[in-house]
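*Asks:* What follows is each chain in one-letter form.
2 protein chains.
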Amino acid sequence: MKLFRTLIPLREAQSMVLRHVRRVGVEEVSFDLAAGRVLAEDIISEMDSPPFNRAAMDGYAVKAEDTFGAAPDKPLVLHRREPGSESEELNEGEYIPVQTGMPMPKGSNAVLMLEYGRERDSKLEIFKPVTPGKNVSFKGEDVRRGDIILNKGRVLRAADIGMLASIGKSRVKVYKRGIIGILSTGDELYDPKGSSKGAIADVNSYVLAALMGMIAKPSRMGIVRDNYDALKAAIESCITDCDADAILVSGGSSVGNRDFIGDVVEDLGEMIFHGVAIRPGEPTGFGIINEKPIFCLPGYPVSMIAAFEMLVRPLIEAMHGLKGAMIRQVFAVVSKKIPSAVGRTDFVRVRLYHDEYDGKYYVEPIRVSGSGILSSVTRSDGFVIIEDNKEGIEEGEQIGVNLW
Amino acid sequence: MKLFRTLIPLREAQSMVLRHVRRVGVEEVSFDLAAGRVLAEDIISEMDSPPFNRAAMDGYAVKAEDTFGAAPDKPLVLHRREPGSESEELNEGEYIPVQTGMPMPKGSNAVLMLEYGRERDSKLEIFKPVTPGKNVSFKGEDVRRGDIILNKGRVLRAADIGMLASIGKSRVKVYKRGIIGILSTGDELYDPKGSSKGAIADVNSYVLAALMGMIAKPSRMGIVRDNYDALKAAIESCITDCDADAILVSGGSSVGNRDFIGDVVEDLGEMIFHGVAIRPGEPTGFGIINEKPIFCLPGYPVSMIAAFEMLVRPLIEAMHGLKGAMIRQVFAVVSKKIPSAVGRTDFVRVRLYHDEYDGKYYVEPIRVSGSGILSSVTRSDGFVIIEDNKEGIEEGEQIGVNLW
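In the order they appear, the protein sequences are chains A and B. Each residue of the first sequence is one higher than the one before, starting from 1 at the first, in my numbering. Each residue of the second sequence is one higher than the one before, starting from 1 at the first, in my numbering.
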C-alpha cells in the first residue's frame, strides 16, 4: 500500500475529485415525475403563455375608450353584446361579461371589475373608467415563444413542473440518477434491519443512502468483514454486478492494521489521495477503479457525514450536471466565537436562531465532546465550513450556513 | 349558494381552517424508509450509544497515569500487552494498539495518538502525556438509555435515520401520508399528459401534487367540466372512491356564473368561508363535507400557489402532526421597498442575494405584471408574507423569507 503521510488541503482534494467526474447519462421522463430531478436540457417554450389575451379579473370586457369619463355620480351605459355573436368584433358601446382566464372577446381591450359596474337587463352602468390593457393578461406575458424558461442543470421544483405543463412540454430530459454503491466495513458491525446482533449497528450505509435525496440512486451493498479478500470481492461486485457509477466505502479508512481498503483500491486501480486536512473526516481517501470514483470514508458517522458534505456531495452534484447546490445556504451572524485551527478545514454543526428583538439571524456552534456524537448533527440546523486559513470565526462576523 | 360578500382576514381564515383539522392515522415503517416522514412517537433510547467506552482515535490504549511526565526529550516506555490476554485487565506500564471505534481494553482509560508514540518490538516509546479520558468516546456519550432522542412531530432527516439505526430502532411510528384529492375545474382545460388539446393546460393539479413533497399523498382526480352535476359527482367520488382526507379543487372559485363549486359544497356539506383578504388568492374558499376539509382554490396558478402556502399547507402540516414547518425560513434585509396595502395580506415572490462586500443577505421582490405569471415563481427563491396591518416593508428592514 502506498503511504499517504501528509494531509492535503480540502481545496486540493476537491479539485482532484472533480478532475475525475464522469457525467451520468440522460433520460426522458414525464414532466410530472421530474420534481427533484436535474434538468438535462434548456427548456425553450414553443408557444406563448398565455396563448391568447385573457381576462385577469372577473368583470366586463369593454373597449376602454367607451369608459372614459365614467364616474360614480355620472355613470355611463354600455349594451350587452347579443349572445351568439361572440365571434364577431365588439362594437363601440358594447360589453361582454368575462371570467378570469377567459379569452378576451375580439375588439375588447380592458376588463372593468365587477364592483365598478351594475348590470341590469343587458345594460351595464359603469362608475369608473378603465385604461386600455387594464385587467388583461396578454398573450406571451408569462412566457414568449422561443424564451428559455428553465435552464439545464436546475433541480426542478413544484412551480417548474407547472411551467412545463403550461407550455405543453409533457416529456423532459433529466440526468439519470447515478447509481452510488455503498459498502460498510467492520467486523463489529451488524445490520439494524437484520436479526443478527453485533457490537455496533451499521449506521453509515443508511445515512449515506438518505443524504443523497432524489438526485442519485443509492445501492446499499451490505456489510463487509475486515479482510482483504472480502473487501476486494465486494468492491468488484459493486462495479460489475450493480454497475455503480461511484462507490462509497465507510469504515476501515484510517492507517491501522485492519485497514485493507487502501490496498484493495491500489490493487484494483489507483489511490489518488488518502488523508485530507479536515476535521472531522481526516482519514478520507479517494481513488479510481475502472474510471469509477471510489471514496474511502471514515467509520465514525459524523466524520463520514463531514467527508460526504465536503467531498462526496460535490462529486455527486458534478456527475449530475447540477448548477447551484443541493443544499441551501443562508447567512447569519456568529453569536459565539467558533474556534478553529489554521491548517485544517473545520466542519462545525450549528444551530440557527432568529432574535425577535434586533431582527437578526444568529448562528451558534453545537457543543460537542467528540466526532462520534451523531446527536450533534440531529440537534443542529446545518453546518458551517471554516476554511483552513482562518483561526475561527469571531463573534459578530457573518457566515454562510448550509442547511440540512 | 350562500353569498360571502366580505373578505375575511388571513389570520381568521387560518384559524377557521385549523379548527377543522383531523389528525391522520399512524403507521409503522422500517426506519430506513422514514426519511421525509413525520415522526408519530417520541423516540426513547433503550440503550446507551456508544454501548461501551471506545477509542475515538487510532493509537494506543494506555493508563493515562503511565504517561505522565513523558516528553520528546524524555520519552517513557510501555510494554505491549501479550496477545490472547485482552480479556484481562491492562497492567501498569502496558499498552494495547487500538483502532477508532474499538472497545477500550479493560484497565485502559485513554488513547495515545499514533503520532505521539513509536512502537518497536512490543515496546512503545511515548513522547507526550495524555490525560484520563483523552480520545475515548464514553459509553452513553452520544445517547443515554432513557433519553428522548427524537421528538414526535419531527420531519426525519438523514442523520435521524442514522440515529435510529444506532440505537437499534428498526421500526418507527410515522404519520400516515394523508390522501389529498385534487381536482381541476374548467371547460377550457386539457391534461398535458393526455393527447387531447384544449385552450389551456391543466397546470394546477400537477403543481399541487408537487408542492406536497413527501408528507402527504396527492391523488390527482383529473379535470372536471364546468357544470354542477359533474363537479358534484367528482367531489363525491373523491370522498368515497379515493377516501381523501382533504380535497383541493382549483379553478371556478370566483363569483361569476360559471362557478358551481360553492353551490356543490353547500349542498354536500357546509361552506365555512369564501373570500380571503389575500393577494393573490382572494377568491379562496373553504368548507367541510363529511367532516373532510375542502378548499376551493383560484384557477390562476400563482394565486393558487399563494393560497396553498397561506392556507392549505398549514392544514396539511396540522393533519400530519408536524411541529415546525415544512418550509425553511431565513431572514434577510429588504433591498428595495416592497409595497403593500393595509387591509390585505400580500404574498410576494422574492429573490435572495448575498452581498460579498458587506456580508449581508438581501431580499428583493420579483417584478410582476399580473398574478397569472408563473415565471414570477420559477424565477424566485422564495416568498414573503406581508401582514395586513403593514403598508409594505421599507428598504433596510429585516424580513423572514420562506424558501421554496
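It cannot be assumed that every hint is accurate.
Note that identical chains are pooled: a pair holds if it fits in a single copy or bridges any two copies.
[Said to hold, decoys possible] Computed cross-link-like contacts, DSSO-like style, restricted to lysine-lysine with a CA-CA straight-line distance of at most 30 Å:
id	residue 1	residue 2
1	K134	K336
2	K232	K323
3	K128	K323
4	K232	K128
5	K292	K176
6	K74	K134
7	K152	K176
8	K173	K193
9	K176	K390
10	K193	K139
It is worth saying that the hints were derived from the structure and are not from the lab. Computed from a predicted model, the values in this text were never measured in an experiment.
*Asks:* Hint by hint, say whether it matches the structure.
*Replies:* Tested hints:
1. When the C-alpha separation of K134 and K336 is checked against a cutoff of 30 Å, the pair qualifies only between copies, where the shortest distance is 25 Å, while the shortest distance within a copy is 54 Å.
2. Taking identical chains as interchangeable, the C-alpha atoms of K232 and K323 are never at most 30 Å apart, the minima being 35 Å within one chain and 46 Å between chains.
3. Neither within a single protomer nor between protomers do K128 and K323 lie at most 30 Å apart by alpha-carbon distance, with minima of 49 Å and 48 Å respectively.
4. For the identical chains of this complex, K232 and K128 are neighbours neither inside a copy (81 Å) nor across copies (38 Å), given an alpha-carbon limit of 30 Å.
5. For the homomeric pair K292 and K176, the shortest alpha-carbon distance inside one copy (16 Å) is at most 30 Å, but the shortest distance between copies (40 Å) is not.
6. Proximity of K74 to K134 under the C-alpha cut-off of 30 Å is restricted to the intra-copy arrangement: shortest distance 21 Å within a copy versus 89 Å between copies.
7. Proximity of K152 to K176 under the C-alpha cut-off of 30 Å is restricted to the intra-copy arrangement: shortest distance 14 Å within a copy versus 35 Å between copies.
8. Proximity of K173 to K193 under the C-alpha cut-off of 30 Å is restricted to the inter-copy arrangement: shortest distance 15 Å between copies versus 36 Å within a copy.
9. Within a single copy, K176 and K390 get their C-alpha atoms no closer than 39 Å, and across copies no closer than 47 Å, so neither meets the 30 Å cut-off.
10. Taking CA atoms no more than 30 Å apart as the test, K193 paired with K139 passes between copies only; the shortest distance there is 23 Å, against 56 Å inside one copy.
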